[in-house]
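**Q** Residues per chain are reported as follows:
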Amino acid sequence: MEKSAEKEHPREAFGWAARDTSGVLSPYHFSRRNPTAKDVCIKIIYCGICHSDLHFCRNDWKFSVYPLVPGHEIVGIVTEIGNEVQKFKVGDKVGVGCIVGACDTCEQCTNDLENYCDKTILTYNYIYHDGTRTYGGFSDEIVVEEHYVLRFPDRLPMDGAAPLFCAGITVYSPLKYYGLDKPGVHVGVVGLGGLGHLAVKFAKALGVRVTVISTSPRKQKEAIDSLGADAFLVSTDELQMKDAMGSMDGIIDTVSATHALMPLIDLLKKHGKLVMVGAPEKPLEIEMFPFLMGRKQVVGSCTGGIKETQEMLDFAAEHGITADIEVIPMSYVNTAMERLLKGDIKYRFVIDIANTLNSN
Amino acid sequence: MAAATNGKCASPAEEHPRKAFGWAAIDPSGVLSPFNFSRRANGDDDITLKILYCGICHSDLHTIKNEWGITKYPVVPGHEIVGVVTEVGKNVTKVKTGDKAGIGCVVGSCGSCENCKQDLENYCPKIMFTYGSVYHDGTRTYGGYSNMIVVNEHFVIRFPENMPLDKSAPLLCAGITVYSPMKTFGLNEPGKHLGVVGLGGLGHVAVKFGKAFGMKVTVISSSPTKEKEAIERLGADVFLLSSSPEKMQAAMGTMDGIINTVSAVHQLMPLIFLLKTHGKMILVGAPEKPLELPVFPLIMAGRILAGSCIGGMKETQEMIDFAGKHNITADIELIKMDYVNEAIERLAKADVRYRFVIDVANSLSAA
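Residue numbers (my numbering), protein chains in the order written: chain A, 1 to 360; chain B, 361 to 727.
FYI, nobody ran anything at the bench for these hints, they're computed from the structure.
Note that the Cβ used here is the ideal one computed from N, Cα and C, for glycine as well.
There is no bait here: all hints are sound.
Sample of chain B residues lacking proximity to chain A, with all beta carbon distances greater than 10 Å (derived):
(1) S371
(2) K432
(3) F573
Cut-off 25 Å, straight-line C-alpha distance, at most; resulting in silico cross-link-like pairs (DSS-like, lysine-lysine):
(4) A:K62 with B:K636
(5) A:K307 with A:K119
(6) B:K552 with A:K119
(7) A:K307 with B:K636
(8) B:K649 with A:K270
(9) A:K269 with B:K674
(10) A:K119 with B:K607
The following block holds chain A by itself, in its conformation from the complex (with noise of 0.2 Å):
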């Protein structure tokens, strides 16, 4: 008989768990297993709330099973180490994000790219190597694999750095592997939202152009005055859309909603390149002539493997780049779900975990 989330593993936890699609959260009591050789025991201190957070505790995937806890923008303390741990010890600050496991020896993984392993474990809502569901960071500790803890640098601090586990390095990771990293290149963002306004915070730290193209003109002085863009692109202005055509290496597109890509692609340069990395749930548009003969190309782009996340923390260390946040308490998070499905945040929630996540 299976044993219930309570009883499966040896160690009280506590955390919010969503019951049902309409995604809201409650306490909720489970358990974690006890470190292995391998393992890492963090008390977690933050955690950012991320959009996906929102898809999974509403079933809008169609894979959820619950109680579900989400959160996978973790940040905390090392309380304990399995015998095996080398480069962790108690007390040092480190960080998970959306990845917890994966098989280790498939070509992605042995290319260090264990978001593309087939059989890569995320932080929650996934089955573990031991059969047990996995939870997430809006809870008080959980015990990851050594492999699957990144560093936390000293100089970043634990609130601001939390979103940059799953924002920080899905923008980052297609920064570098598309080449849109390089001085004199021209970037475009689309959308400014969590992963928006780090893409354009990292863009400018690589030393490239930004333009922040939106449907939103209100958002215009805030993409140049506070995040640094370039340049300010509204989307709907057709003359000014125009006038920017063939214009760009690259657009990172973090909208997740569905809507039209050609003009985006027109904006591009020939052989320039449309990185998506919000995911529509419905099919986009796209016509053919433009894009052949620009030799244009539209890639997905899916978070990123540890060594690059831990590589991306480093750089956000050297270059002061941190998420703007709201700090929340943990009972604030429904409401906080509920203006993040409005968009009513800049840019991310993270939720004051060791302050306010209380088992009483």
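Mind docking chain B on chain A? Use the hints.
**A** Chain B in isolation, oriented as in the chain A frame:
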């Protein structure tokens, strides 16, 4: 088309000094008929080619029926042209009189933009196509369904002696259209697995190039009747029936790249799923209507969808030399000029294995 007294709107037969003849479409019915026009004098950088053969490309069909909405009539199509050099300008060094040479889809470009400087004339914003474009001198270009053509040396392809000219003509468009993206996107490495969607003029040449590169080649087609052909005649390793969901599912995540030659509207999603992580699908067919692009399958495996359009001059020459070395030619049906309208109708129904080539020298006579 009346001749004007001031010569500004000279008729096609009068605008240039040298008489030429060919077959042209004069309206969107697309029916071709004999047509007298003229070619420019051979300039210092030009060569004159007596046309021996010209392949019929699906683009010719799209153009003569104005399916892309941009055709100006009369139009003499044809951009898979091979022949013999009959005259060279004094600056020409690439070929000499009597040499075999070919002309593909491009006869002019700006020569100075980023694309031209990187040997990517095919992406020059001021590209001049072999037919249907306005040339540097303001006159319209006419293609290879004609007896002769005058072309700037830069846009002429040398033909190795051993290559059969009739069977090699289609390489000048179909060949380079698949060779260029295979090379650009690394789909030319031994051991890699290449999918080819659609077994027509483009597709069959892609299979041949793929095998010559030492790749494993899977032909993906909706017609079960093409299996024997694909495996036995063209040398593909596997035939995948795209209308079989079980077979498509079993092949998921197995291909490094796919060359998609289909020019009709079709589903991209099942094809995208065939790609490995970071796998690339290159679209070279040009459906008139938009296709649906599912984003999730791209994101989940970091896959790439790219478009590609013919190739630059340098890589076209490289492709011909490679084909010469590996004895790669197109499978053709050689026809006479007066069969051309029937050939076009059969092409519209994909009733050809796999390219019609017009025996111009032996069957095109002056109107």
